[in-house]
Amino acid sequence: MKYRGAIFFFVGVAAALALGWIGFPRVIYARRVQPVNFSHKVHAETAGSKCEDCHTLRADGSFAGIPGLAQCAGCHTAPMGSTVAEKKFIDEYVTPKREIAWAVYSQQPINVYFSHAPHLKLANLKCEKCHGDEGHADGPRVYEQDRIGGYPRDVWRSMLMKDCIRCHHQNGLEHSCLDCHK
Amino acid sequence: MSSTRRDLLKMTAGVAAGTLFTPAPWRLITDSAILSENWPGIFFSSHGAPTEKFTNCALCTAGCAVKARCVNDRPISLAGVVKSPICALGLAGLHMPFHTARIAHGDAENAAAAVRAAQGKVAVLDLRPGRTASWTYRRAMAALPGGIYLAPQRILNAVNLAAVKTLVSFGAPVLDGWGTPSKVLAAREHFSLIQVEKDQSHTGLLADRWIPVQPGNEPVVAQQIARDLPADGSSLFLSSAELPSVLKMNVTLGNLGHTVIARNETPVPAAWSKQAAAVHAIQNVADRSIGALLIDEASADVAVPWDVIAPKLTNSAVVITFASTQAGYGRYAQFVLPAAVYPEVTTDIPTAIDSVVATFRLATPLMAAPSGVVDAAEFVASLAKLDTKDALQERAASIHATGRGSLLSYSDQKSRPIKDVKADQFWTALNAGACWSDSESPLKAPRWEATIATPAICEAVRPKPPLFTKLYEESGLKGIAS
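If you read the protein sequences in the order shown, they are chains S and H.
Using the working numbering, the letters of the first sequence correspond one by one to residues 1 to 182.
Using the working numbering, the letters of the second sequence correspond one by one to residues 183 to 664.
Worth flagging that the hints you see were computed from the coordinates, not collected in a lab.
Every residue, glycine too, gets a C-beta built ideally from N, C-alpha and C.
Some hints here could point you the wrong way.
[Said to hold, decoys possible] Every beta carbon over 10 Å from chain S, so not counted as near; a handful from chain H, in silico:
1. P205
2. A231
3. N446
4. A468
5. G512
6. F608
[What the hints assert, rightly or not] The following label-pair restraints were derived from C-beta to C-beta distances:
7. S218(H) with G172(S): 32 to 42 Å
8. W221(H) with A14(S): 53 to 63 Å
9. Q382(H) with I165(S): 31 to 41 Å
10. N37(S) with Q575(H): 20 to 30 Å
11. T584(H) with W102(S): 16 to 26 Å
12. P397(H) with L57(S): 52 to 62 Å
[What the hints assert, rightly or not] Simulated coverage check for chain S against chain H, where a stretch passes if three residues somewhere in it have a Cβ under 8 Å from a Cβ of chain H:
13. 20–33
14. 57–71
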């Protein structure tokens with residue numbers, strides 16, 4: 001048959017492309033849901049919260065990150081709505097005073113030192129610049145973690161070192177290795 | 183259509199070619215490179231509000247003040263304080279407890295039994311003399327029958343960098359770890375540095391003049407340089423190997439009492455001075471006399487070559503070393519007992535060589551040491567049945583009782599005379615990283631004629647000349663070689 005060899009070759013190519021682009025991500029990333037079905041949209045729109053109301057800078061300039069249980073329990077000691085998710089949160093975390101083990105989408109390697117203060121206060125960057133439109137999401141995305149490297153998939157999307165360097169170059173900022181790797 | 187082996191091969195080639203256009207191989211290459219970053223056992227700093235603590239760096243006798251940021255009782259970054267930066271080693275010091283070569287366990291019980299059963303002298307080799315632990319060793323050795331205290335002899339005790347106009351260094355890393363970084367940097371503009379060494383070091387690269395020298399020719403080169411310097415006490419000769427023939431140029435040029443000074447030792451309780459064994463140099467110990475040798479190398483400032491130590495040991499001698507790895511004297515020891523490392527240690531830091539007054543500073547722990555570590559001073563004290571767990575506080579009390587000096591707190595950058603500080607406040611401040619400095623007094627010349635006469639350790643191991651015959655001894659060749 002004419003082009004028999006080429007047909008088998010391209011079938012192989014197609015199979016590899018399908019496995020590589022569709023199958024491989026499903027295999028390499030372990031998926032899990034966040035422990036609490038938290039809605040940024042409800043808190044931002046209904047409760048009127050801003051990012052910095054929960055994700056604060058401490059007095060010494062360090063970033064508080066994801067708020068602890070005490071911050072949430074400040075409002076949610078009793079149910080404020082009628083959702084199942086809130087009731088589950090209060091029963092499983094607020095009442096027994098158990099900290100929530102959030103999976104951090106932006107987890108960086110331990111050798112990376114990143115300070116939010118200069119980026120927020122000096123560069124006046126918006127949270128969405130690096131974290132995307134999390135602030136309006138109605139529920140947390142599925143957390144996907146690389147099974148081999150251990151890092152979240154989100155880091156590969158927009159928080160690699162090359163992404164930081166590109167933005168710094170665009171703004172005319174050059175730094176030494178020690179500024180980010182202590 | 184039935185497929186053949188050729189079809190299978192072509193499909194495989196297609197798969198291989200197609201794979202290159204997918205993220206799979208590139209991601210696997212990257213992941214294999216970063217695979218080990220998140221293994222179990224890798225240290226992760228915990229999340230939480232950082233706190234600030236002050237301590238003093240114990241990595242060398244500069245003892246620079248350190249401001250540490252800690253999260254959940256673990257340091258996450260170290261920095262210097264105002265006008266007193268720390269060196270690169272100090273910046274990275276917080277990683278030291280996690281070195282992969284660190285030993286975690288040691289057989290302290292059997293080590294103690296071996297010392298008690300040893301035939302011959304019991305000796306402690308203290309590689310960082312001048313600490314409160316050093317006095318514990320001296321007291322313990324005085325209490326033990328046949329105990330001797332050994333420490334490397336230093337000819338140069340203290341230098342006054344402010345008075346130096348020409349610094350001639352034979353191998354001393356003047357700009358790379360010799361003195362207190364902040365003091366050396368502050369004085370750098372005021373002196374000309376001549377670095378003399380076999381291979382050009384970092385200091386040699388930054389010196390005003392670098393002179394290569396073959397080992398053995400240092401005395402000749404020192405004499406040549408000294409001829410061109412004024413004898414007005416404005417120069418300073420240093421030698422990393424403490425070569426007497428180089429350091430006595432300081433006598434020739436009148437540096438004693440100007441750039442080379444005698445400094446009071448940091449006070450100790452009067453009872454300690456009475457109880458303490460004398461300090462001996464290992465070169466002066468009789469051969470084959472030491473039955474048990476305990477080496478404190480955990481914070482060593484100097485190293486004594488094993489070739490110098492080995493002849494002093496009996497054939498059945500037991501050697502115990504206190505170290506954080508097996509890499510030092512652990513290669514020769516029967517027992518290696520794990521020691522705490524900075525920033526886990528609780529210790530005082532001997533006065534730096536470039537301090538004109540005595541000082542007393544504590545390195546207080548920023549994190550807990552692992553459960554298996556052995557405190558060398560307490561181990562030795564227990565052999566002599568001494569109770570020394572409050573030794574640091576006793577020494578602090580004796581310093582406070584003198585009423586001399588001042589206390590500098592780095593947290594508020596305030597210096598107060600000791601007379602204005604109560605004893606308990608003094609102890610609390612020391613534990614918070616404060617530094618006691620003695621009162622300034624007129625500079626004195628050291629009396630060091632006896633130490634100049636003692637050959638340096640490097641000369642003790644220099645191989646004997648091959649023509650070791652009567653003819654050689656009586657000929658003029660011997661004078662040239664020495």
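Quick rundown of the hints versus the structure:
1. P205: violated, 7 Å
2. A231: violated, 6 Å
3. N446: Per Cβ check, N446(H) is outside 10 Å of chain S; nearest 39 Å; holds.
4. A468: holds, 51 Å
5. G512: Fine: 30 Å to the nearest Cβ keeps G512(H) off the interface.
6. F608: Non-interface label stands for F608(H): nearest chain S Cβ at 28 Å, farther than 10 Å.
7. S218(H) with G172(S): 32 to 42 Å: Given about 36 Å between the Cβ atoms, the range holds.
8. W221(H) with A14(S): 53 to 63 Å: With a Cβ separation near 37 Å, W221(H) and A14(S) fall outside 53 to 63 Å, so the hint is violated.
9. Q382(H) with I165(S): 31 to 41 Å: At 35 Å between Cβs, range holds.
10. N37(S) with Q575(H): 20 to 30 Å: violated, 56 Å
11. T584(H) with W102(S): 16 to 26 Å: violated, 56 Å
12. P397(H) with L57(S): 52 to 62 Å: With Cβ atoms ~58 Å apart, the hint holds.
13. 20–33: holds (count 5)
14. 57–71: As far as the stretch 57–71 of chain S goes, the hint holds, because 5 residues have Cβ atoms under 8 Å from chain H.
When each numbered hint is compared with the structure, violations occur for hints 1, 2, 8, 10, 11.
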